[in-house]
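A.B. asks: The lines below spell out each chain.
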Amino acid sequence: MAWLDTVVQGILLGGVYTLFALGLSLIFGIMRLVNLAHGDLIVLAAFLVFLVMASFGVPLAVATLLTIALMFALGFVLQRAVLERVLGDDIMPPLLVTFGLSVVIQNGLLLGFGADSRRLQAGAFETLSVDVAPGLSIGLAPLSALIIAIGVIALLQMVFYRTSLGRAFRATSDDTQTAQLMGIDHRNIYAIAVGISLAVSVIAAVAFGMRANFDPSTGPARLLYAFEAVIIGGLGSLWGTLVGGMVLGVAQTIGARIDPEWQILAGHLAFLLMLFLRPRGLFPARQP
Amino acid sequence: MTGQGRIVPGGARDIAWRQQIGTVTSCWAALAAVAVIVALMLLPAYASRGLIQDLIFVLVMLTLAQLWNLIAGWGGLISVGQQAFVGLGAYGLFAATVLAGLDPLSAILLSGLLTALVAALVGPLLFRLEGPYFAIGSWVIAESFRLLCAQFKPLGGGTGMSLPNAVVADMAGLSFVQQLLALRPAAARDVMVYWLILLVMVIVTAAIYLFVRSRYGLAVVAARDAHGAARSVGIRTERIRYTLWIAVGFATGVVGAIAYLQKARISPDAAFSVVDWTAYVLFIVIIGGVRTLEGPIVGVLVFWALLYYLAQFGSLYLLTLGVLAIGTMLFAPKGLWGTVAARFGWQLFPLRRLLLRR
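Protein chains in written order, with the working numbering: chain A, 1 to 288; chain B, 1001 to 1358.
Derived by calculation from the structure, the hints in this document are not laboratory data. Think of the CB as a built atom: it goes at the ideal place given N, C-alpha and C, for glycine as much as any other residue. Among the clues, some could well be false.
Here are the computed distance ranges between Cβ atoms for each label pair [claimed, not checked]:
#1 B/Gln1312 with A/Tyr161: 33 to 43 angstroms
#2 A/Arg80 with B/Val1275: 46 to 56 angstroms
#3 B/Phe1127 with A/Arg80: 50 to 60 angstroms
#4 B/Gln1312 with A/Ala154: 31 to 41 angstroms
#5 B/Lys1263 with A/Val62: 47 to 57 angstroms
#6 A/Pro59 with B/Gln1312: 53 to 63 angstroms
#7 A/Gln180 with B/Leu1043: 42 to 52 angstroms
#8 B/Phe1313 with A/Arg80: 43 to 53 angstroms
#9 B/Ala1206 with A/Gln121: 57 to 67 angstroms
#10 A/Arg280 with B/Phe1313: 21 to 31 angstroms
#11 B/Lys1153 with A/Phe276: 22 to 32 angstroms
#12 B/Ala1016 with A/Phe276: 26 to 36 angstroms
#13 A/Gly151 with B/Lys1153: 37 to 47 angstroms
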């Protein structure tokens, strides 16, 4: 039963990792941009939620909604003012700019909030759990993170395949020039994509900030988990990313069970093993 | 360097062409470079210990910047995991001297071989990640080695350890340097490390210069810009990249070992620090100018100057460097040197091929 518990906790942890990964996967899918500041933007979102709660005294849910709007706007402006200028055939400039952004956000947070670690308070909800079987209880907060991850994927899939915005996303991703001929302004499409990516990152930040402490230096690790979930799941498949996040989560909880110091390393090793065995991931969407 | 060739366009009249790399300025620049290197070699006879220590740091960063410029700028392998090689080189040095009792000089070479071996092993795995995902993949590798080294208890585990004094005291050549310059052992060690890193910097820069000017340099650039086309004309793109990756791994490991011979204190967090060994290095190359040999030299001087004025502010220093790097990418993507050189047509270390009619 102890091992079953480990696996279940890992799957629940996978929900958080999926939320980390969705934003990264989204903008890579639409504009071939790998955002090296993704993890730091998640941590920035967590600090913003924290700040909104502390300064206006509003509950977590309200602060989350406010921050989602804020981060969407930030993403839109970030794309139009900064990233748009460096996107092109050469993959180096956008990588270097987002890497620079990562360092800037980390040190900006350090200057603004100090190096103390914080946590998002959700009151009694944090500790609620249901006993599924003797020795196996599921915390409501981790469970809701997983359910929200599934909900966000379903919502994104619906946007992609059922709305005109989604059609514009897919058209721009497939062939930017032809999409432009059809009257799509690709610059706004890209900006909306980055905005949605950062909005999803707020949800990821809340799910993460409720279960673990965060400080300005925790961003890069979020980026690595997100990336590992995407690659394990297979590029271009959101449901694959969910499975990838769960595989990563289970690998980490099993590693932590053997020795708490091995948690992160076990996740990295599982990722490298997967890269060795199935380099295209579990559910690759695009064929070579 | 000149080459000759005959190009026959469409079978029409023969036109003979001459390929030329280099200008008159570059001959003078070569002489000036030799003069600067000789001056730097003789410096320990006059300079203070503080300046020598500063220059060790500058030369370490410059060499790392040149190496990253080679692998990312010319090779197109944009790694943000260079700290893996630096850290492994550092841990190689400590393992070889503390655990195996080797002399530091041979330990440095051995550390380079260790990182080359690791590069050879992880390379094929990383090359499976397409384009930009290679960058994060290299970061995962570096993090994995940091966590592995933190588990390695004989070298202090997560807290790290100091290099025992005996290791450095018995170093080959130390007593010679001590007598030559009449220095105490600690200062003599700094001078030895300084000469070592100066030697490595000169070798690395010269090797990059010769490589980029050679036909292999042309091949690797072709592989970066048009992979399919390069393969179709018979360039073994994968093999060239792989060899380059291993060579950069070797050299970066050697630099890491030298840097930690001077620091004489190791910990996983410092040796595998993404900020110290990759962020700074990237910023130096970006600010100076990607894909030029002069760029990293200009970049490291800016970096040193900023360090002098802003280092005491910690986070603010990194923030400034980051903003400066982003600004450079946005408004002068060729960097300080690249922009100025393009404006005035300067080339100190010429890498561009000119096709001239005879």
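A.B. asks: Decide, hint by hint, whether the structure agrees.
C.D. replies: Hint check:
1. Between B/Gln1312 and A/Tyr161, the C-beta spacing of about 55 angstroms breaks the proposed range 33 to 43 angstroms.
2. The hint said 46 to 56 angstroms for the Cβ distance between A/Arg80 and B/Val1275, and at roughly 29 angstroms that hint is violated.
3. Between B/Phe1127 and A/Arg80 the beta carbons are some 34 angstroms apart, a value that contradicts the proposed interval 50 to 60 angstroms.
4. Separated by about 52 angstroms at the C-beta atoms, B/Gln1312 and A/Ala154 break the suggested range of 31 to 41 angstroms.
5. Remark: the range hint 47 to 57 angstroms for B/Lys1263 to A/Val62 is upheld by a beta-carbon distance near 50 angstroms.
6. Distance hint check for A/Pro59 and B/Gln1312: the Cβ-Cβ separation is about 42 angstroms, which falls outside the suggested range of 53 to 63 angstroms.
7. The hinted range of 42 to 52 angstroms is not satisfied by A/Gln180 and B/Leu1043, whose Cβ atoms lie roughly 59 angstroms apart.
8. About 31 angstroms separates the C-beta atoms of B/Phe1313 and A/Arg80, a value inconsistent with the hinted range of 43 to 53 angstroms.
9. At about 59 angstroms, the beta-carbon gap between B/Ala1206 and A/Gln121 stays in the expected band of 57 to 67 angstroms.
10. Taken as a hint, the range 21 to 31 angstroms is violated for the pair A/Arg280 and B/Phe1313, whose Cβ atoms sit roughly 46 angstroms apart.
11. In this structure the hint that B/Lys1153 and A/Phe276 lie 22 to 32 angstroms apart at CB holds, the actual value being about 28 angstroms.
12. Range check, B/Ala1016 to A/Phe276: about 53 angstroms between beta-carbon atoms, so the 26 to 36 angstroms window is missed.
13. A hinted range of 37 to 47 angstroms for the beta carbons of A/Gly151 and B/Lys1153 is consistent with their spacing of about 45 angstroms.
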